[in-house]
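Given next are the chains, with one letter for each unit.
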Amino acid sequence: MSLYNKSREDAHPSRDGHLLKRNTNHKAKTLKNYTPYLLCLPAILYLAIFIGYPLIQAFVLAFTKPSVGFTLDNLKSVLTSQGFKEALGNTLLISVIVIPLQIVLALFLSLFVNTRFKGHMFLIYVITIPLALSEITAGLMSYSIFSSMGFLNKLLINLNLIDKPIYFFGYTYKLREFIVIILSELWRATPLVFVILLAGLQSIDKEYIEAAEVDGATWWEKLTKIIIPLLQPSLLSALLLRTTFAFQVFGNIWILVGRDIPVLAGEAYYWQTEIRNANIASAYAIIIAILTIIFAFLYIKTLESSYLES
Amino acid sequence: MKKLILISILVLVFVPLSSAIAAEQLIFLSTQFNPVSEMQFITEEVLSGFTNETGIKVEFVPVQYADFVNRILAEVKTGKVVTNVIAELHGGFDYLLSENAIEDLSTMPELPERTFLKTFDEYSEIRGVKAYIPWTQATFVVAINKEALEYLPEGLTQDDVLEGNPNWDYEALLRWGENLKEAKGAPMIGLAMAPGGLFHRFLHGYIYPSYTGSQAKDFASQDAMDMWEYLIRLNEYIHPASTTWSNMSEPLLKGEVLIGWDHAARLIQALTTKPDDFVVAPAPLGPKGRGYILVIAGLGMPKDAPNKEDGWKLIEYLTRPSTQALILQGTGFFPIVEEAEKEITEGALKTLSDGVTKQANAPLGIPCLIPSLGAFGGEFGNIYRMAFERIVLKGEDPNKVLPELNERLEEIFEEVDVPLQ
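If you read the protein sequences in the order shown, they are chains R and W.
Each step along the first sequence adds one to the number in this note's numbering, with nothing skipped, and position 130 is 132.
Each step along the second sequence adds one to the number in this note's numbering, with nothing skipped, and position 355 is 1684.
Everything labelled a hint here was simulated from the structure, so no lab data went into it.
Ideal placement from N, C-alpha and C gives every residue a C-beta, glycine not left out.
There's no promise every hint is true.
Said to hold, decoys possible - Label-pair restraints from in silico Cβ distances:
no.	chain 1	residue 1	chain 2	residue 2	range
1	W	D1396	R	L157	42 to 52 Å
2	W	E1511	R	L81	45 to 55 Å
3	W	E1565	R	I159	16 to 26 Å
Unchecked claim - DSSO-like mimics (lysine-lysine), calculated; alpha carbons at most 27 Å apart, straight line:
no.	chain 1	residue 1	chain 2	residue 2
4	W	K1723	R	K176
5	R	K156	W	K1513
6	W	K1603	R	K176
7	W	K1632	W	K1409
8	W	K1687	R	K156
9	W	K1687	W	K1475
10	W	K1723	R	K87
11	R	K156	W	K1459
12	W	K1475	W	K1583
13	W	K1632	W	K1475
14	W	K1447	W	K1632
15	W	K1642	W	K1632
16	R	K176	W	K1632
17	R	K176	W	K1513
18	W	K1406	R	K67
19	W	K1406	W	K1475
20	R	K156	W	K1723
21	W	K1687	R	K166
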């Protein structure tokens, strides 16, 4: 037996042992291959039961009618209804106004807080309070501010600035209702964007800013040429989250103005709970899901391309 | 050791299970008392008394109208009836009877020491079958802040309003609203028009029959056109935030409005919080009479219900005068046995009770029962709401809107095979 062979035999005392080790290695490798799936399994099961199953049910309901079976009537009747057009228009309008305002507001707030002045932690807590509130609570709080007997009217009357209350709610005051919704949404949902942007800001290397300062960059140049480009992934995440949430906006508006300003999710709820037509309600839900998926897809594509460009 | 663990597990699992099976339990399915607070009251304050007295547990299952009908029909048609007692409105019993899905209660033992109000007792016998035992009644009334009585229009007195005299009509309400707006600088009449509010009941059960004599039959008639013309005028004196209110108690308590129409159960909070501030009046009169809704809830049993004896014990307990008075205190639903009226003393409940009684006794009354349209009940209400939104709020021509909506209204009645009311 050559030395070479001997050493090989030493390393692999027997052919059986060699096979055994190969088997064990194979098993370990197979297990390793499955590990990610096994780790994801609880989450997948949870999603399948609580999201997947209702989603399938919603599809079934949206495309069927009790006495007819499969039909496109539900979708047709939703898409051609005046209620849907109004709800879609309002949802988009609220999103188009609220999201950019939130992004700008949250950006400046996070820039301000990130200067880490004395007491900045207290300000963070104050800004993020609405994160702990449900949509309904936020709606009720806004209502108690703006109702005809609310804090704002009482304050203005006590200051002798007005002698009769200003009405913010009611079908005849739709514009005012809209302004209240915008203000309430800004207050309620800006903290989420703020937290994301603040985290993004804190991860920016200060050396870039210091280098720019050495080169004599102005505040505006630092913001537009360094901070915003480096903050882009956080900005896009915030945009993605806010846009998907914007299509689901409901509780706050429902509490404040009911159906005076219909929105998509509100219409789904109305058809389900008031009219008790689960088929039409599901058609609304499916439309909201499709719109959300389209917007999320567009954002992700934009995010990917900008990442590749950078 | 393993055996010991196994035995312990078996004991832990099966002993409570077997005792639960052994203990008597009734399933009480109800379309009434759905809101969480009412549900809690019925379970904790009302049914607990029955369990303490008889040892029989009751599972109270509040469900929506459409689910109720589906469930009972499914149980009866599959021959697997598990529900012992049901609580539903008159119309629901009527429908279940037409499907042969409820028991005739005329063979059950008599219920002593209670005298059911005659009208309700008569209603509960449908096509010769004792379909249910009347349980509670509810209606919608007008709550008025006493301050508003200072601004009554000429020719209308406080007595006229509270007694439901003939000159307390819809035109008088409009003139009153006008006076209030002038005096207070703002519209002072409120209606719960927001989703969740019961404004559609005002339209189909109050003002429609008052102007046309029926709830749906003359939906697009000339009388209806006159009614919509009136509503357009009245809207000037209705508080604009009404479209965001689903309940009139809070606006009345906050003083946002001085006159509010709503379900008695939804007004009770205002009346109990400030009992000295409010009075309750019947609905106004219209050209055809005084339309008002009579909500009758009854107790019955599904066809071939199990354990009828214990089910009957529950019905006996729930219709006792003392139980009915207790239900009134907690929910604002009124008793329908004469003996219970004695238990209503002074205070908010008395004010409400007087208003309800006066509405029922006021001259030219047109009592209306909510049509039993099953799954279409929501759409039925929505048609009236849509008519109001399009004609009054958006200013569309009623000659165009009403025939359009009437088509769907008639279809609904046809689909459920219920005659137009």
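Now for the hints, and whether the structure bears them out:
1. W:D1396 - R:L157: 42 to 52 Å: 47 Å Cβ-Cβ, so the 42 to 52 Å window holds.
2. W:E1511 - R:L81: 45 to 55 Å: The hint (45 to 55 Å, Cβ to Cβ) holds, given that E1511 (chain W) and L81 (chain R) are roughly 47 Å apart.
3. W:E1565 - R:I159: 16 to 26 Å: holds (24 Å)
4. W:K1723 - R:K176: Given pair K1723 (chain W), K176 (chain R) holds - Cα atoms ~12 Å apart, limit 27 Å.
5. R:K156 - W:K1513: holds (16 Å)
6. W:K1603 - R:K176: violated (32 Å)
7. W:K1632 - W:K1409: Distance of about 10 Å is within 27 Å: holds.
8. W:K1687 - R:K156: Violated, at about 38 Å.
9. W:K1687 - W:K1475: With Cα atoms ~18 Å apart, K1687 (chain W) and K1475 (chain W) stay inside 27 Å; holds.
10. W:K1723 - R:K87: The given pair, whose Cα atoms are some 16 Å apart, holds under the 27 Å limit.
11. R:K156 - W:K1459: Outside the cut-off at roughly 57 Å; violated.
12. W:K1475 - W:K1583: Distance of about 14 Å is within 27 Å: holds.
13. W:K1632 - W:K1475: violated (50 Å)
14. W:K1447 - W:K1632: holds (26 Å)
15. W:K1642 - W:K1632: holds (17 Å)
16. R:K176 - W:K1632: At roughly 52 Å apart (the allowed maximum being 27 Å), K1632 (chain W) and K176 (chain R) break the hint.
17. R:K176 - W:K1513: Holds, because 23 Å separates the two Cα atoms, which is no more than 27 Å.
18. W:K1406 - R:K67: Holds - the C-alpha atoms of K67 (chain R) and K1406 (chain W) are around 22 Å apart, at most 27 Å.
19. W:K1406 - W:K1475: This hinted pair is violated, its Cα atoms lying about 54 Å apart.
20. R:K156 - W:K1723: Given pair K156 (chain R), K1723 (chain W) is violated - Cα atoms ~31 Å apart, limit 27 Å.
21. W:K1687 - R:K166: With Cα atoms ~36 Å apart, K1687 (chain W) and K166 (chain R) exceed 27 Å; violated.
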